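Number of protein chains: 2
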Amino acid sequence: MVNRVVALAGGVGGAKLASGLAAILPAGALTVIVNTGDDFDHLGLRICPDLDTVAYTLAGIANRRTGWGRSDETWSFLETLGHLGGPTWFRIGDRDLALHAYRTARLREGAALSAVVDEVRRAWNIGPRILPMSDDDVRTIVLTDEGDLAFQEYFVRRACEPRVHGFRFEGAQTARPAAGVLEAIAAADLVVVCPSNPWVSIDPILAIPGVREGVAARPVVAVSPFVGGRAVKGPAAKMAVELGLATTPQAVAGHYAGVVDGLVYDVADPDVGARLESAGILSLRTRTLMRSDRDRRRLAEDVMAFGESLVAVPVP
Amino acid sequence: MVNRVVALAGGVGGAKLASGLAAILPAGALTVIVNTGDDFDHLGLRICPDLDTVAYTLAGIANRRTGWGRSDETWSFLETLGHLGGPTWFRIGDRDLALHAYRTARLREGAALSAVVDEVRRAWNIGPRILPMSDDDVRTIVLTDEGDLAFQEYFVRRACEPRVHGFRFEGAQTARPAAGVLEAIAAADLVVVCPSNPWVSIDPILAIPGVREGVAARPVVAVSPFVGGRAVKGPAAKMAVELGLATTPQAVAGHYAGVVDGLVYDVADPDVGARLESAGILSLRTRTLMRSDRDRRRLAEDVMAFGESLVAVPVP
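Going down the list, the sequences are from chains A and B. When we follow this note's numbering, the leftmost residue of the first sequence carries the number 348, and every step to the right adds one. When we follow this note's numbering, the leftmost residue of the second sequence carries the number 348, and every step to the right adds one.
Excised from the complex, chain A in its bound form:
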């Protein structure tokens, strides 16, 4: 029986599966642990892109067209900032800005990030628990042929153009998991690694002391972020190629070796179930693309059914 589920999530793909899981699981069953390696300071504001995408998505107010920011948005702030010659490369809408300003003010008052996230969760009536991976600052640095770049520099300002040869998670070694993170993982009947970018969304979470070990000790299902060898969104496929890796289910399973027990991958990829199994990984080949709410729920149901089977049958 799977009663308690922990999902590890980055931005869009992770948030979508988390919302599918939230839709089908009983209240209180789901805890989403979110990457904060992309967080950065801009215009004096602390911006947490993945936490916000997860919160907006679970609150049903995410902007479905752009994949970032929120619905019902206005742009007066950014337009006026542009008139003044201020920096507009990071697109902050007026409503989105309120969340950043609220968080920044609360952090300045001494509140922990996890406490602020929970305040936001309650303000927006979000059911699942949302935990930042850590209340301490961890910063993903992308090692490129143009030097080491802070994540948002690489991702937004440089539009993922520089060639990647590695990553560094600054502060991860000394960061403490946020209150509740290790407890939620230890109590999880199933851990779901969402179809987020393995290198810059999931790895920072696993880099927090105690998290990788805690996750590895539980039944774990990962969902491949690749569909037919391509990333649904973002630079995951480009990164894989530049790192000399394949964009296949086997490569994802290899990346998560020692952590995951089962892999869910898309029907657009060849059936590699036998090959995965010979490497000790059970798998489920199904539709993983989430275009609609129905897609999200269906994938969540597939993941849960697959997870139940892993929990019931001892992992080989």
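Don't read these hints as lab results, they were simulated from the structure. All values reported here derive from a predicted model rather than from experimental measurement. Each statement offered as a hint is correct.
Between beta-carbon pairs, the in silico distance windows are:
hint, chain 1, residue 1, chain 2, residue 2, range
1, B, 457, A, 505, 19 to 27 Å
2, A, 497, B, 641, 48 to 56 Å
3, A, 589, B, 474, 50 to 58 Å
4, A, 652, B, 457, 56 to 64 Å
Glycine included, C-beta positions come from ideal geometry on N, C-alpha and C.
Given the structure of chain A, go ahead and fit chain B onto it with the hints provided.
Coordinates of chain B only, in the frame set by chain A:
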């Protein structure tokens, strides 16, 4: 001949007369020196209410209905901040917020406030020079029967309710006038003290070392902020009563004794020209209420003609 004019201004009333002066004076003739004693930090932003009101008014984008903030405004930020339980007592519109964010970011980069004000002036094609009284922090504290209150606490949060018994301008004694302030005053053929609050808009400017002496050495015309014994806007009349003062032209002349040579006051007040003259103050009784752009220009013309007469005829 009056070629160079310096106007000392606070918020709304000062900004209106400054815009009237800007409309009738040749390009380059007007410098507006603005109170920064009301400045404060809110949500991590440096907010400069009087500088902004002057800039918005001179740029023709002030909100004429409210008397604060700007036209063409949207309120998504504040609405969302309210949903999150954040502080909404200080009403910041989305476009207004951009100015605060731009300024705060520039100040954090090490720019002087006066440099930032000039950047804003150029971005919005504002003709007159705008100078903050100082680049150093000066904070107006209102001494009340409920204790000492920071200006915005008194003005916005407490809606001017506590009874006033004095003022303190923290930091004024050691503040340096912003670059150009003393030079503009020394070069002025006429200094106009705008119809702003004498205690909390003009006095902080005069409290900056060197300013009162510099102004007193030039021909100076003040415009009374009272019309028929009442303040047009804001707490000036309430303050006068609580300080045991009258809301008359004589009281204003008395407050500015030693600094001003001439006083402009409203036709709604009794004719006290003879009494003022016996106290060494020349005066002009005219319409001072500025409802329209035409009112602003007309008052500016009256003030300039009166000023010309003061400059031509040696002060008694």
